[in-house]
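Q: Residues per chain are reported as follows:
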Amino acid sequence: MSVVIIKPGILDSLQDAGRYGYSHWGINPGGAMDSFAATVANALVCNKTTETVLELHFPASQLLFEQNSLISICGADFTPVLDGAPIPLWQPILIRKNSILHFRNQQKGARCYIAVHGGFEAAEWLGSSSTHLKLALSGFNGRRLEKNDQLLFKEPCIYFASLLSAGKPFRILNWGASVYNTYAWPNEIFFIPGPQINYLAIDAKELGAVNFTIHPSSDRMGYHLRGEALTITHTEEIISTGVTRGTIQLLPSGQLVVLMADHQTTGGYPIIGTCIQAHLPKLAQLRASEAIQLLPVDMESAEELYCQQQNDLQLITENCQLHLKELLCKA
Amino acid sequence: MMQIYAIGDGAITLSLGNQVNDFLNKKVIAVQQWVWQNRFSGLKDVVTGYATCTLYYDAFIVKQHYKPASSAYAWVQQFLEKAFHQSLVELYTEPRSIRIPVCYDEDFGTDIKLLAASKSMAAETIINIHTSNTYRVYMVGFLPGFAYMGMVDEAIAMPRKQQPQTVAAGSVGIAGYQTGIYPLSSPGGWNIIGRTPVQMFNENKQPPVLLQAGDEVRFERISRDAFNNWMGQ
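These protein sequence lines are chains A and B, in that order. So in the numbering used here, spot 122 of the first sequence is number 122, and the numbers just go up one at a time. Numbering-wise, the numbering used here comes out as the position in the second sequence, counting from 1, plus 331.
Just so you know, the hints here were simulated from the structure itself, not pulled from any lab data. Treat the numbers as computed from the prediction; the structure is a model and nothing was measured. Be aware that one or more of the hints could be misleading.
Here are the computed lysine-lysine pairs in the DSSO-like style, where the Cα-Cα straight-line distance is at most 30 Å [what the hints assert, rightly or not]: (1) Lys134(A) with Lys536(B); (2) Lys154(A) with Lys398(B); (3) Lys134(A) with Lys492(B); (4) Lys536(B) with Lys48(A); (5) Lys375(B) with Lys134(A); (6) Lys154(A) with Lys375(B); (7) Lys375(B) with Lys536(B); (8) Lys205(A) with Lys536(B); (9) Lys48(A) with Lys394(B); (10) Lys48(A) with Lys375(B); (11) Lys48(A) with Lys492(B).
Estimated spans, in silico, between C-beta atoms of each pair [as the list claims (entries may be wrong)]: (12) Trp185(A) with Asn352(B): 39 to 49 Å; (13) Glu188(A) with Glu412(B): 52 to 62 Å; (14) Ala184(A) with Ala400(B): 25 to 35 Å.
We put the CB at the ideal spot given by N, CA and C, even for glycine.
Isolated chain A, as found in the complex (with noise of 0.2 Å):
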């Protein structure tokens, strides 16, 4: 009643919602990069949206299913294939029991989330499953997936068998999720200033005209943007304060670096900006090497873009739901 990682991936490790409510004590949220996808994946096989979900990096592993499964592919394209067979991502696919999943190549995006119909088993350490690989605790023993891992389902998925026809290896149903607001205009990244943006010679709206690309040591922690050197007028120090992801961090080499989620919780560098919290699932998919842009917006317009990917959320789980219900109950 499982899933067992035939060949391990550079860094996959199980993630839910993240871990709130701790930070005063220095531990921080952590959780899925992209918490839409993991959202979306969730909704699509119809969990509760918080469910734990697998996070592939690429190259990710290679998967049996060793029971028939639900699942669903959100996220990075790292072109799924299902024995032989692509299969496509944001839809939920029945798949037989035995069947091996892997990932051909990177097309787009950087990180990809698995989910299954009833969700992975996980320790969890205050009240979440999210991995928290400093501390090695929770999700799979506290660290990324090895060879010959056995990840448990929580439900044994029996019913699912009469919904395969004989000689398919795996049925892709037909219902999906829309994503194309939340990740549309990939490289350009909406922030809201921070109260060290006069730290910067210029204002915020010239920072949108810098060009920034990730650098390659860019990780769960944060992303370290290249470009050239920005000129810093004020020099007082900052003493240490709250910080989230997001948010972007003036380092005195006049270079930035964006948190994410597992940055710490309290960082003394000037704060820049934040980047808005609709756009962390654009800035989670960035890559290495590839351009970003950072462009300010106001309070408004920032809580108007999450509030409506939040009722997209809303309406995408409420229309998996209807769809499987339907699909059992013709079964």
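With chain A's structure known, arrange chain B on it following the hints.
A: Structure of chain B alone, referenced to chain A:
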């Protein structure tokens, strides 16, 4: 001067200035406690810095629940102003006193010789000065359970090292006028002067961290034998 500003569209900071000062720190902790006691829908986290209190919230939930006339941010800003005016330092900040045993042997305190040399004093003197103060935990951050404590006597204050090195769990260090304990093994730039056998972080305990903002800490010198005994328990 009190200031409130946005950290994106999911966080908001109340700042009382850019200085390390007991009164400002007590006030931001009082604000944090007031916020915990008057939680609103959509509140995810509250973090205090030296002189800041940051609220993390979900703008979508705030909008759904409170239907503010303008932005969720404006609503949370008003809430934070209320927290600032209604939180009372006297009511909330009764400090806990915590004693932490430290072994200052040189193989633990890997930088104590250098620190002594640059201050032209004996290592003994540094230890005496370090153990004679009571330190306030101003904030917790950087690593789970890492407490930023101060103020260190000027005589032993030392800027952090240029090159971070791997530091063992329990290491006690000095950076500028701050002192702190590494809860986990980690790269770090603080000048290490000793090590405590006490766990600063234990995932199975509730809470999992020993020190919290507002605590008062005193270091007590222990021998290597006492350190080993403690670890053996």
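Q: Okay, which hints does this one fail, numbers in order?
A: 2, 8, 11 and 13
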